[in-house]
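Those protein sequences? They're chains A and B, same order as listed. Numbering of the first sequence is given in full-length UniProt numbering, commencing with residue 1 and proceeding in unit increments. Numbering of the second sequence is given in full-length UniProt numbering, commencing with residue 1 and proceeding in unit increments.
Note that these hints are calculated values from the structure, not bench results. Incorrect hints may have been included.
[Said to hold, decoys possible] Dumping the calculated BS3-like pairs for lysine-lysine here, alpha-carbon to alpha-carbon at most 27 Å:
#1 Lys125/B to Lys17/A
#2 Lys221/B to Lys14/A
#3 Lys28/B to Lys191/A
#4 Lys191/A to Lys24/B
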Amino acid sequence: MHENHLIKDTRADKVFKSVLYVFIALAVLLVLYPLIYIVSASVSDPAAVNSGQMWLLPKGFTLDGYKVILNYGDIWRGYGMTIFYTLAGTAVSLALTIPCAYAISRPDFSGKKWFTNFMLVTMFVGGGLIPSYLLIRALGWVDTVWAIIIPGAASIYNIIVTRSFFQSSIPWEMQEAAIVDGATDFQLFFKIVLPLSAPIIAVMALFYGVGQWNSYFSALVYLQNKNLYPLQMVLRQILVLQDMQQGAATGATVTQSAAQAAFSKEQLVAVIKYGVMIVSSLPVILIYPFLQRFFVKGVLIGSLKG
Amino acid sequence: MAVSAQTLVKPTEKKRKPALFNAKRLKKNWRLYVLILPTFLCFLVFSYIPMYGVLIAFKDYVPVLGIWNSPWVGFKYFNQFFQSYYFWDLIRNTLGIQVYGLIVGFPLPIILALALNEMKDGVWKKFSQTITYAPNFISVVVMGGMIIAFLDPSTGIINHALQAVGIQPIAFMSDPKWFKTVYVLSSVWQGTGWGSVIYLAALAGVDPALHEAAIVDGASKIQRIWHINLPAIVPTMVILLILNVGSLFSMGYEKILLLQNPLNLSSSNVIATFVYKQGLLDGQYSYAAAVGLFNSAINAILLIVVNKIARRVSDNSLW
């Protein structure tokens, strides 16, 4: 840590700097430790994990947990549904966010103020859970995939972020030149603006995609049919309900395949719980380090215009 | 980009008053209206129809009769809520958890951002950021699972650690005393890193010349952070503080519903989960809608008041 500055750090500065580094190191360790623990626990003997012998590195290495997970039908059905919800939901969200954001980014669009306010109002005023549920029920969408994909598809926050991108990154002069040349608004949007919008489309796809992947609440409210459950609902049954020993009361199901028959319910949970945390987060874990800058970018564009 | 066509086209535009249903403008911009139409409909249906649906809070909602034809009952369900056994518990728990979370959770991202900002760009800074941001992307269900697993009185690692230093195991999840702390600290663990991003952005905008001048004047590092960096992020702090205080009553259902159990209910029962249980599990739609409406009304008032105060004491406000 010793560098030669043009002007030397004073003693107090050095002490202060060390304090900062200790603080950051502490923060990193506090975040990292539980993550490492989960990875180690997922490949350790459950007895060693539960007794506290395993506290950092794997003890009694075993892949039993992952083997059970591999044969656990509910998890993979949930995985399939979540992949579907994420792809379909992200596609719908993008189709609702990008064109709308473009329209309200146009300084010459007469309705931009009215439409922006129309949508912004919903950030602060809303009907709440019960009227929303009654609406979905009236539409006949309870226990359908529509209830998961459509209602929350357009986020006003993301629309505003996208609008800020259009306003700051795509020169209006260029669009005006195209208008003078006789381009229609459609041509302008599809041929000129969209090809320049890859960064914001990536950011939005990530925001919406990760949000959909991680969400469970709309499924909890709108779905009773377990075949439609996304992965997070299956996880909830394994990690939360069975741990509280309420599995039977809430009708949590464990597919009794041959591999699982040997375990009691509690043992089963102990064997697989850390593994399912990893398996379910895997896609996000895999993309996150590479796409972190896009996520950060999204926040930064958003902070430009409070 | 330097040459601007703006002055050539704009003047004629400026003179006209913006009217939404001006036929000429509609004709000129109709394609933009087409682009916005699906999103408009989406908000109309999924945000505005429920606002109409909230009428059931003032009615005895009978599904067969529908929202409009159900009989009016005025403030019956609001009164029922105010007089209910749970009322003060719900208020106390909702506010308690949120205020606790604000006090502990608000300063930490600022401190982390100020510290990260002092690190030189390089592998370690990148690593620290990647690691501290990561928990933000963990799903709330996995988070709930982690909390329950780590805090288990007999098998959880935290109780093993406590035992190692001679402390009796604590039943964190079934002891109401611990619930709020568990909720707040796990949120801090998950949100502090990501929360620092927005402050780091504000810090990146600080003019290096200010620091250079301060160094020449002999300012120490602490003085420079205090007098240059901190003022630079004050506007961001104020905006986030308004949003946070303004949403003290808009506590989410998601995490609390996962951590709630009959044993910690006296401390974990908040308005949001109460609405969910009364409405969706017990089918008391009108009552639950009334509680929800009461909650959003307080929320709106709080936001307006906080914004007003912020505008008076500083130059920053939401509107």
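Verification of the hints:
no.	hint	result
1	Lys125/B to Lys17/A	holds (14 Å)
2	Lys221/B to Lys14/A	holds (9 Å)
3	Lys28/B to Lys191/A	holds (19 Å)
4	Lys191/A to Lys24/B	holds (25 Å)
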